[in-house]
Amino acid sequence: SQKIEQNSEALNIQEGKTATLTCNYTNYSPAYLQWYRQDPGRGPVFLLLIRENEKEKRKERLKVTFDTTLKQSLFHITASQPADSATYLCAPGDLNTDKLIFGTGTRLQVFP
Amino acid sequence: GAGVSQSPSNKVTEKGKDVELRCDPISGHTALYWYRQSLGQGLEFLIYFQGNSAPDKSGLPSDRFSAERTGGSVSTLTIQRTQQEDSAVYLCASSFIGTSENIQYFGAGTRLSVL
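Protein chains in written order, with the numbering used here: chain A, 1 to 112; chain D, 1 to 115.
Isolated chain D (complex conformation) (with noise of 0.2 angstroms):
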């Protein structure tokens, strides 16, 4: 597609399950991101891959949170054990990394609420 496609859009789960979100990049963009942003607040970096580099995986928030991508494409993160606090809008973002600068695609995120 010609954007950045998440989904899904929304996603209601139980306390304690499991979820997996999907993330499908521009094609051709080399660099992948995923963020999580609560409620009127700010973008909170989660976890980046760069081509076939160590994805850097500093801002994920417990090891409860997981990501991969497959064959430098789709990406999937996935949350084990839910817990409320990890309601949030999830969003993904693509760049192309051959320019000094840094402009990323976003999609239009995941809406996940645990109950």
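If we strip away everything but chain A, and leave its shape as in the complex, we get (with noise of 0.2 angstroms):
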């Protein structure tokens, strides 16, 4: 069945630094992948979406990869700031179902 895997264990940085988050799937070949962000409290906001036919996609401070010979997307958020402290959620798709499979999201702590 297909798999979603998202690191499960917070990641904690630094203000300033660059935040890492991984998605990985298997049995699955998405066209493509969005991920979304959730605050406490509230329910996940879309950031940003990435086709299979992208390497790389950037808004702002916010850079997705995504390597369809790995089965991975990364999410990357440089100068990261208090304000990013949220947790991060993968949802691979494709075309022929209007449903995603959601990653049970990385919580990422960004501390002064």
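These aren't lab readings, by the way, just hints derived from the structure by calculation.
Just so you know, not all the hints are guaranteed correct.
[Said to hold, decoys possible] Using 20 angstroms as the maximum straight-line C-alpha spacing, the simulated EDC-like pairs for lysine to aspartate or glutamate come out as follows: (1) A:99 to D:44; (2) A:99 to D:101; (3) A:71 to A:56; (4) A:63 to D:101; (5) A:71 to D:101; (6) D:57 to A:94; (7) D:15 to D:101; (8) A:63 to A:84; (9) A:57 to D:101; (10) A:55 to A:67; (11) A:3 to D:44; (12) A:17 to A:84; (13) A:17 to A:60; (14) A:55 to D:101; (15) A:99 to D:56; (16) A:57 to A:67; (17) D:57 to A:98; (18) A:59 to A:84; (19) A:71 to A:94; (20) D:57 to D:14; (21) A:99 to D:68; (22) A:59 to D:101.
Reassemble the complex: the two chains are provided individually, in unrelated frames, and hints are given to aid placement.
Here's what the structure looks like:
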């Protein structure tokens, strides 16, 4: 069955450093992959989408890569700030279904 | 409204009671999803509505769970004879299925506590 894996352990980094979060998938060939941010007590909020024919996508301090050979997406936040502290979810999707499969998320904590 | 609205935001009920959770999607969005998120866990897909098509109920955990979407807009998730393991946050999302990708917009969720 399809499986999406994200680091279950929290990632703690110092302000100003680059945070890198990993999303691995198995038994799946997604056409695109989305990343969402979730704050406590809130629903997830869409951040970025990357398609299978794109190696990299950037938005302000965010960068996402998509390696279909490794079956992996990396999510980078450069010059991280305490306000970036949240849980980040990846969600691969394909064009044959309108459903997304969400990973369990990785909690990022940026400390001053 | 501008976003997805869910009500109530919190619901405390006794084991064995029925509960109804409501979702108002973004106007014009054709697809509506219900998810369940237990403490510290990811999103568990429950059910999906798209236009006038039959809903995809493949994620409903038992026949105590049901959902309907009236007039292609508001949706209600009903849990009958609630159990303690039903305690979780129930999230609703809507999207516009008109492009090849499916960006979902979430409500803040309903936190259900079954005592």
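query = Can you name, in rising order, the numbers of the hints this structure does not satisfy?
reply = 7, 20
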